[in-house]
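Student: Now for the letters of each chain:
Protein chains: 2
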Amino acid sequence: MKNKLSNAIFTVCCFLSVSTALAVEPISPIQPVKNINLAQVELGKKLFFDPRLSLSGHISCNSCHNLSLGGVDNMQFSIGHNWQKGGINTPTVLNSSMNLAQFWNGRAADLKEQAEAPIVNPIEMASNHVLAIKVLETIPGYVIEFRQVFGSAEITIDRVTSAIAEFEKILITPNSRFDQWLLGDPSAINDYELAGYLTFKTSGCVACHNGPGVGGQSFQRLGIKDVYETDHPAQGKADVTGKVSDINVFKVPLLRNIELTFPYFHDGEVETLEEAVDTMARVQRGVTFTRQENARVVAFLKTLTGEQPSFNIPTLPPSGPDTPLPEPFL
Amino acid sequence: MKNKLSNAIFTVCCFLSVSTALAVEPISPIQPVKNINLAQVELGKKLFFDPRLSLSGHISCNSCHNLSLGGVDNMQFSIGHNWQKGGINTPTVLNSSMNLAQFWNGRAADLKEQAEAPIVNPIEMASNHVLAIKVLETIPGYVIEFRQVFGSAEITIDRVTSAIAEFEKILITPNSRFDQWLLGDPSAINDYELAGYLTFKTSGCVACHNGPGVGGQSFQRLGIKDVYETDHPAQGKADVTGKVSDINVFKVPLLRNIELTFPYFHDGEVETLEEAVDTMARVQRGVTFTRQENARVVAFLKTLTGEQPSFNIPTLPPSGPDTPLPEPFL
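Chains as they are written, first to last, in the working numbering: chain S, 65 to 394; chain X, 65 to 394.
Read the hints as simulated data drawn from the structure, not as lab findings.
Honestly, I wouldn't trust all of these hints.
Treat identical chains as interchangeable: a pair holds within one or across any two.
[Said to hold, decoys possible] In silico SDA-like cross-links for lysine to any residue, where the CA-CA straight-line distance does not exceed 20 Å:
(1) Lys233 / Asn376
(2) Lys149 / Pro327
(3) Lys289 / Glu89
(4) Lys176 / Leu102
(5) Lys149 / Leu102
(6) Lys98 / Glu293
(7) Lys233 / Tyr256
(8) Lys98 / Ala302
(9) Lys265 / Glu180
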C-alpha cells in the first residue's frame with residue numbers, strides 16, 4: 065500500500081514536473097503522429113522513392129530529400145534534371161509537417177501542394193502532370209494500389225500528392241535528447257548543453273525558433289539588426305506577394321536535426337553550424353557571441369537531433385508494357 | 065505411432081521427390097546465404113547507399129543498382145557524373161554473387177573487385193581512391209564503425225569494397241514461384257508456365273542459363289547461330305584479353321528477376337521480354353519461336369522473380385567538419 069501510494073505521488077510529481085517544463089519552455093517535444101492513413105503512407109513511400117516520376121527516370125523525391133541523410137542532400141544547391149543546379153538550398157523533409165507553409169518563401173500552403181511542384185519544375189524532375197500520370201497509370205501495381213487506397217483506380221495528381229504528403233507526415237524525428245529533457249529526464253542533456261539552451265533563450269533566438277519544430281511557425285525578415293550579405297537572387301516572400309515589405313522575409317527554418325542539414329540558409333553559403341549561429345546572432349539579434357557562447361549554443365542545437373526515419377526500403381511495382389521509358393539523354 | 069510412421073514416410077517421399085527434382089533440373093533453387101559477416105553487411109549497406117563516395121555527392125551504388133527496382137535503373141544506359149551516359153547497360157546487383165565473374169566482359173573477378181571500379185570511373189561516380197578514403201576518414205561515424213568491423217580504424221579501399229561486397233552477398237531473391245516448384249510444390253507454377261519451362265529446356269536455353277542464377281556460369285559468344293546486330297562498340301571478353309576469339313563473347317546474364325531488369329542485352333536495345341526471348345532463340349539457338357512458344361517462355365521467365373531485398377533504409381553517419389564538401393557543378 066505504501067509502495068502504491070509513493071508510486072502515485074511520484075507519478076503525480078513527475079506529471080507536474082513535466083507539465084511545468086512543457087508549460088514554461090518555448091520549445092515543445094515532437095508529438096506522436098495521429099490520424100494517419102497507413103495505406104496512403106505506404107503508397108506515398110513508394111511514390112517518394114520512385115524516379116519514374118521524373119522525366120529522366122533518375123530523380124525521385126529522395127534524391128534531394130535523402131532520408132538516409134537527414135532529409136537533405138547536404139549540397140548548396142541540389143542536382144536536378146540534366147545536372148542543372150537547383151535554385152535554392154533544399155530544406156529538409158523531416159518534420160516538415162510542422163511548417164506553417166512550405167518552401168523558403170512559403171508559396172505552398174501545405175505538404176500536398178509542395179509535392180506537386182518538384183515533379184514539374186524544369187530544373188528538378190522536369191516532368192509534367194500528363195506524363196507523370198501516364199507513367200503511373202501504365203504500372204499495373206500502382207493501378208491496383210490506388211484502387212485499394214482510394215477506392216477507385218483513377219490516378220490523379222491530387223491523389224499522388226495526397227499520398228506523398230501522408231508519407232511525409234510520418235517523417236518526424238522524436239526522442240531527441242532535448243525532447244527527453246523536456247519530458248522530464250534531467251540527465252538527457254549535460255550542463256554545457258543546458259547552458260547553451262539558456263543562451264539560446266536569453267539571446268532571443270526562441271522568439272522565432274520555438275514550438276515542436278523549433279521554427280517553422282512564422283515568416284521573418286532575414287537581416288533585422290544587420291544586413292545578411294548574399295549574391296543569391298531570392299527575395300523571400302516578396303517573390304510571392306510582390307510587396308516591398310516582404311523583401312527578404314523568409315519562413316523561419318526548423319532547427320530539428322540541424323547538425324545534419326548543412327549547408328545552411330536559403331543560399332546554402334554557410335557550411336558549419338558555428339558560422340550559422342554566429343551569423344544569425346549578428347544579423348537577427350544584433351549580438352556577437354563569444355567563442356564560448358557560440359560553442360555551447362552549437363552543443364545545444366546538436367541535442368535536437370532525433371530518431372531518424374526507420375522503415376523498409378520500398379519495392380516499386382515494375383513498369384508495364386505501355387509505360388513510357390524515360391529518355392534522359394534527349 | 066501410425067501417425068508418426070506415416071509422417072516419416074511422407075517426409076522421406078518429399079525428400080526423395082525434392083531430391084529427384086533437384087537432381088534432374090538444370091536450374092537449382094537459390095540457396096540461403098551462409099558464412100556472412102553481419103557487421104560488414106551493415107557497414108556495406110551504408111556505403112552502398114552513400115552518395116559521398118562520388119565526386120558530386122549525388123551518385124551512390126544504389127543510383128544505378130536501385131534496390132527498389134530489381135537492382136537496376138531500367139535505363140538503356142545509366143546516368144553518371146555530370147549527366148554523362150553510361151557505357152553499357154547496367155546489370156542487376158541482385159544475385160550477382162552467383163556470377164562466375166563481374167561486368168559483362170568479366171573483367172572483375174568478384175564483387176569486391178567490381179565495387180572498386182564505379183567509384184573511380186569518370187563517367188560514373190568520378191571520384192578517386194584518395195578522395196573517397198579522405199571523405200570516409202573524416203566522417204566520425206564511419207571511423208567508429210570501421211574500427212568495430214575490422215578491428216582498427218584504418219579505412220582503405222580494400223576494406224570499403226570488402227564491406228560493399230559482403231552486403232551485396234545478401235542481395236539474393238529466394239522463394240520465386242519457380243523455386244517453390246523446384247522444391248516440391250507442383251501448384252507453384254501453372255501448366256502454361258511449366259510448358260514454357262519445357263520449351264526453354266528443349267530449345268537448349270538451359271545449356272547456358274542454368275544453375276541457381278539461371279545464368280552467370282559461363283562466357284558465350286553472342287550470335288552463335290545468327291548475327292546479333294548492334295551499333296554498340298563493346299566487344300565483350302575481347303576488350304579484356306585482346307583475343308580475336310573473344311570478340312562478342314559475353315558473360316551469360318542471370319535470368320533471375322528478368323521481368324524487372326529491362327531493357328535487355330549489353331546494349332540495352334531491347335525493351336520487352338518478348339523481343340529478348342525472340343532474339344536469343346534466333347541468334348543463339350537458330351530457332352524461331354511461334355507466338356505461343358514465345359509467350360509461354362516469357363510466362364516461365366516471370367516465375368523467376370523472387371523475394372526482393374527487404375531491410376531498413378540505412379541512416380548514414382553525418383559528415384564531420386573536415387569532410388570535403390562535394391562540388392558537383394565545377
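Student: Next, verify each hint and record whether it holds.
Tutor: Verification of the supplied hints:
Taking the shortest Cα distances, Lys233 and Asn376 sit within 20 Å of each other both inside one copy (17 Å) and across copies (18 Å). When the C-alpha separation of Lys149 and Pro327 is checked against a cutoff of 20 Å, the pair qualifies only within one copy, where the shortest distance is 15 Å, while the shortest distance between copies is 29 Å. In this assembly of identical chains, Lys289 and Glu89 lie within 20 Å of each other by CA distance neither inside one copy nor across copies; the values are 25 Å within and 79 Å between. For the identical chains of this complex, Lys176 and Leu102 are intra-copy neighbours only, at 16 Å inside a copy versus 39 Å across copies, given an alpha-carbon limit of 20 Å.
In the homo-oligomer, the alpha carbons of Lys149 and Leu102 never lie at most 20 Å apart, since the shortest distance is 35 Å inside one protomer and 39 Å across protomers. With identical chains, the CA atoms of Lys98 and Glu293 are never at most 20 Å apart, being 41 Å at best within one copy and 58 Å at best between copies. With identical chains, the CA atoms of Lys233 and Tyr256 are never at most 20 Å apart, being 33 Å at best within one copy and 45 Å at best between copies. Taking the closest pair of Cα atoms, Lys98 and Ala302 never come within 20 Å of each other, the shortest separation being 34 Å inside a single copy and 61 Å across copies.
In this assembly of identical chains, Lys265 and Glu180 lie within 20 Å of each other by CA distance neither inside one copy nor across copies; the values are 37 Å within and 49 Å between.
Of the numbered hints given earlier, the model fails hints 3, 5, 6, 7, 8 and 9; all others are met.
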